[in-house]
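A.B. asks: Spelled out from the first residue to the last, the chains are:
2 protein chains.
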Amino acid sequence: MFKIDQKILETSHPVLSLEVSDLRLVDDTRWPWVLLIPRVSNAVELIDLAPDLRDQVWLEADQVARVIKARFSPSKLNIAAIGNQVRQLHIHLIARFIDDSAWPNTVWGVPGAEPYEADELMSRVRDLKSSF
Amino acid sequence: MFKIDQKILETSHPVLSLEVSDLRLVDDTRWPWVLLIPRVSNAVELIDLAPDLRDQVWLEADQVARVIKARFSPSKLNIAAIGNQVRQLHIHLIARFIDDSAWPNTVWGVPGAEPYEADELMSRVRDLKSSF
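Sequences listed follow chains A and B, in order.
Mapping to our numbering: the first sequence position 61 is 45, numbers consecutive.
Mapping to our numbering: the second sequence position 71 is 55, numbers consecutive.
Pulled out of the complex, with its shape left as it was, chain A reads as follows:
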């Protein structure tokens, strides 16, 4: 049975379900940052997915990337499947800006997450949902 990893649940909020993946917002206002999590039990590597499913995951990643680009106009998109800390397959999509606090470095492992306030979170999630 498919379950989302506990650490992902604790550090992100649900946005919506796409055809094969769940989209979640990382609870850190420093960067617009979402996770795309294919609903496949025990998936770890992209190459372990069946080809059709892998294609659909990339279509959904594309769709999310277009929403992030349209909504935030980032200087650069960062898209990555890493999984060193949480093995469950998940794809990071992050809007980066030349004046953000980590630029031009990557954001993984940068301490000091700044959680969303309740209002801010509801508005951000609503806004993302309405873009699909």
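Simulated from the structure, these hints should not be mistaken for lab results.
There could be a bad hint or two in this list.
Treat identical chains as interchangeable: a pair holds within one or across any two.
Unchecked claim - With a Cα cut of at most 20 Å, we get these calculated SDA-like pairs of lysine to any residue:
(1) Lys(-13) with Asp6
(2) Lys60 with Trp92
(3) Lys53 with Asp32
(4) Lys53 with Ala65
(5) Lys60 with Ser25
(6) Lys60 with Asp46
(7) Lys60 with Asp12
(8) Lys60 with Ile31
(9) Lys60 with His76
(10) Lys53 with Asn68
(11) Lys(-9) with Pro95
(12) Lys60 with Gly93
(13) Lys60 with Leu9
(14) Lys(-13) with Pro(-2)
(15) Lys60 with Pro16
(16) Lys60 with Arg38
(17) Lys(-9) with Arg23
Position chain B against the provided structure of chain A, taking the given hints into account.
C.D. replies: Same frame as chain A, but now just chain B:
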């Protein structure tokens, strides 16, 4: 006309050309680390590629990931399109190990690159080429 970014040229070595991308080995022995560079002038974001080309790039990334997995048996593959420092579209594929020097953190920006010796480089490139 298609050209590979100067910083990529200076920090990596050619391995081979796939149908739409060039594969290069990052000159750092700390991790088996390759770059896949679609031969598309001025490409920056994956979502800017035509859909057929984007699909082919992911097929090639998959092919490379399978080679890396078979050849190095990593604890985890890291696959990422970042581009904060070099805007030209390129995909990182890195074999990570639970006993490597950056684990479980990411490898981008970790100082102290350890370049290949000439023999080691030739052998690694030959080995990778023969896997395709």
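A.B. asks: For every hint, state whether the structure bears it out.
C.D. replies: Each hint tested on the structure:
1. Lys(-13) with Asp6: Answer is within; shortest intra-copy Cα gap is 11 Å, inter-copy 38 Å.
2. Lys60 with Trp92: Intra 15 Å, inter 16 Å, cutoff 20 Å: intra and inter.
3. Lys53 with Asp32: Intra 28 Å, inter 11 Å, cutoff 20 Å: inter-copy only.
4. Lys53 with Ala65: both (19 Å within a copy, 15 Å between copies)
5. Lys60 with Ser25: between (31 Å within a copy, 17 Å between copies)
6. Lys60 with Asp46: Classified as within; 14 Å inside a copy, 23 Å across copies.
7. Lys60 with Asp12: within (18 Å within a copy, 25 Å between copies)
8. Lys60 with Ile31: Classified as between: cross-chain Cα gap 12 Å, same-chain 25 Å, threshold 20 Å.
9. Lys60 with His76: both (13 Å within a copy, 16 Å between copies)
10. Lys53 with Asn68: Between copies only: 15 Å across chains, 26 Å inside a chain, cut-off 20 Å.
11. Lys(-9) with Pro95: within (16 Å within a copy, 29 Å between copies)
12. Lys60 with Gly93: both (19 Å within a copy, 17 Å between copies)
13. Lys60 with Leu9: within (18 Å within a copy, 24 Å between copies)
14. Lys(-13) with Pro(-2): within (13 Å within a copy, 41 Å between copies)
15. Lys60 with Pro16: Answer is within; shortest intra-copy Cα gap is 12 Å, inter-copy 26 Å.
16. Lys60 with Arg38: For Lys60 and Arg38, the Cα distance is within 20 Å only across copies (18 Å; inside one copy 24 Å).
17. Lys(-9) with Arg23: within (16 Å within a copy, 38 Å between copies)
Every hint from the earlier list agrees with this structure, and none is contradicted.
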